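Sequence order for the protein chains is A and B.
So in our numbering, spot 195 of the first sequence is number 195, and the numbers just go up one at a time.
So in our numbering, spot 385 of the second sequence is number 580, and the numbers just go up one at a time.
Honestly, the hints are just simulated from the structure, not real lab data.
Label-pair restraints from in silico Cβ distances:
no.	chain 1	residue 1	chain 2	residue 2	range
1	B	Met370	A	Ile64	20 to 30 Å
2	B	Leu376	A	Ala75	19 to 29 Å
3	A	Asp172	B	Asp461	50 to 60 Å
None of these values were measured; they are calculated from a predicted model.
Ideal Cβ positions, reconstructed from N, Cα and C, are used throughout, including at glycine.
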Amino acid sequence: MKYSKIALSLGLAATLSATAATAQAENTVPVKAMADALHLVMDSDRTVYTRKIVNRLVKKEKVIKASEHFEDDKALVLPAQMFRFGAEMVKQRSEALPDVNFSYSLQSLWPINKQNAPKTDAEKEGLKFVAENKGTNYYTEEVLGGQKYFTAVYADTGVAPVCVSCHNDHKDSPKTDFKIGDVMGGVVIRIPVDG
Amino acid sequence: MNRNKNIWIIWSALVAIVVIYFGYTLLEGEDRTVFVPGEMTGGHHQIGIACDACHGESFTDMDAMQKTCESCHGDQRKKPFDSHPRSKFTDPRNADRLENINALYCVTCHVEHKPELADKTGVTQPADFCIHCHADVGENRPSHKDMEFATCASAGCHNYHNNRSLYTDFLVKHMDAPALLDSRTVPEKEYASVLDEIMSYPHDRYPVKKIGLKDIDAPIKIQFKTTDEVRHDWMSTAHAKSGANCSACHMLVIDDKEPVWTDKPDHRACAQCHDIEVKHFTQGKHGMRLAQGLSPMTPAMARLPMNEEAIDKELGCNSCHQAHEYKLDTASVDACLGCHADEHSQSYKTSPHYDLWLKEQAGELPEGSGVSCATCHMPRVDVDVNDWLRRTVVQHNQNANLVPNEKMLRSACLNCHGLPFAIDSLADQQLVNKNFRGKPQVHIESVDLARKDYLRHLDKTGGE
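With the rest of the complex left out, here is chain A (with noise of 0.2 Å):
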């Protein structure tokens, strides 16, 4: 009678988890579609920003400038800029959330600050995976610090004339031939995944 009670709490135990692990498994978002969701998102706010606010009041209505030292000239911020701050306090934020740890940096073949030019193997080739065949993403893992990511890279194109003035125009950019609808950079997303 012991044994068959004990027997009987296993079975419903291994029921039990068993039903949660289907659950979890049916709930679980693929990491490539999480990576493409968290882009979606990025890349919806980051052209609202530029178009609706940036290019409006500065090239439309003339009313303020954008700049990159947008504290000491008292003007918006560059939607680079709006998109990095996103960035760290994502960052920030996220190492409170141990479940919701993903990081994500835009980054250039010509990059205005050098600090954001490709680092890494799967950065390089994927920046450049984006920038030859339009309209496709370039997805890799990788390994950094001893822990492996899911690396996913999205292009990223000048959408308002707000994009490719400043980048030909500044002193260190070492394109000055953009043209609306060119691929100017990527967006580089990594979700850490076991293994």
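Following the hints, position chain B against chain A.
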């Protein structure tokens, strides 16, 4: 046998005494110097006996210790003040860089208890540490090609944390500014005009309106003791003119308990209305001991030369601001020179800055155009109180812009001087010692390099 027994007894007693002494000192004692493994650097020597101030509850948890660093230095380590914030290095793409130099932790570059390793700015890394991440700087900045990495942080060049006065576009913007600007005044005071926006101000108890002798709210027995001089002094201040009655300072609210009258209110009383000023004060050398619950700082504890007669004076708000009368010249000059006796301080009264101060005090120059000790060392700066309110306040942490001294450019020098002149002046230690009597004999190339970089760009673009 008996002899052995006696030795054992004596030995045990000695061990017990030693254990009790160290145990008590460790757990209950204020002065735990005996456990300090090495002399402290200049930045922390005053609070070296309060181990918990930096170590918290752990001597091994790096993250816990990092939090204590940030609890005092955190405000300055955020953008826009810090060009190398933590978030730059938590990105996995920089994992390899952290193996060379772990920039996530302050102690990587600022080791305590080893003052022999620390330079003037408290950095304990070799001077060429920038090479870890910027080895290829010469490729993008031809002017930097043959420079030694040990010279990156030279006077007037780069600061790892605060580069706000030295970045290229800033240098270009100010490269042609004359030694003396046309307009030479510091930002105006504005506390009274923003009181309505300060939510923590006790508007309910002390509405902003002029009050007089008939309104005095001190207890009757205190009023009997109050002298005419005290009444007169108080009436002459902004306190009386803005509704700050006796109880505003003398009734101290601690831990939400019932307020109690105190004859000699300390910094906690001032913080009831001037919380930012007190917060800054307790972050600097004058008040940092108070922040750790230690006795107030005295000149006797200082490592800088101090006047003998002031050696035992305790530092609080009232050391520089009198109890009831708040004279600007006392707090801005006399109080400082009452204690400080180094060459720079002693030379002040021979400097052109002091002449301007005297003229302002005599009404010959407009308000804000004289230069006191406080003009540079406790400047009026913009502080983001929160995301919605920015205020101009007197920075009461006189260390905030002290080291490296280029941090003084924005908050002090550039109110009156052009950037090239100011950079050279700050780099000339002899001139600093003489309190800026004379012209700089040192020339720093950073503005020249920025100019070349700018002209090269103009050439490339045809002057657009």
